[in-house]
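S.K.: Input sequences plus hints: build the corresponding full structure.
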Amino acid sequence: MALATIELLAGRSIDDKRGILDGVRRALVGALQVPEDDPTVKLVEHASEDVIIPPRHSEQYAIVEVTMFKGRTERTKRRLYKYLVAELGAFDIPASDVQVVISNPRGNPRTRAARRTDARQCAAYPTSTAPARSRGDGPHR
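So in the working numbering, the last one in the sequence shown is 971, and the numbering has no gaps at all.
Hints listed in this document are in silico derivations from the structure and should not be mistaken for laboratory results. Fair warning: there could be bad hints in the mix.
Calculated pairs, BS3-like style, for lysine-lysine (alpha carbon to alpha carbon, straight line, at most 25 Å) [said to hold, decoys possible]:
#1 Lys847 with Lys912
#2 Lys847 with Lys872
#3 Lys907 with Lys847
#4 Lys900 with Lys847
With beta-carbon atoms standing in for the labels, derived distance ranges [claimed, not checked]:
#5 Pro884 with Gln863: 27 to 35 Å
#6 Val931 with Pro885: 14 to 22 Å
#7 Arg936 with Ser843: 22 to 30 Å
C-beta: ideal position from N, C-alpha, C; glycine also.
M.R.: Laid out in structure tokens, this is it:
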């Protein structure tokens, strides 16, 4: 699993935005060795009046937030940074303007399919003999 959000200042062309999205997806697939259809990548634009960029960065400043399972090595994370910088460089975003933030969710996030399977198993094998509560019962109304 890999999720990425790219944050940029508004004003890029539709073609550039599509290229940046595709490039970040390629970087995730190449660096993390995830299936091509796995990464979810989204791009968020901000109006310049809605963002304060540190003075050391230009208007090309890009923040790429990546969420992935725990267990990736530092070497893999460095490889991801290298791939992201290369892909974004094709759109005139210099390495000095690329900030990558990596997060690992706690526990073991479940896919929708796994949750559906769990729900079916729970329905088939009830674990409680207490009567089911209807909406509005209990202390939280």
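S.K.: State the violated hints by number, sorted upward, taking the hints as numbered earlier in the document.
M.R.: 4 and 7
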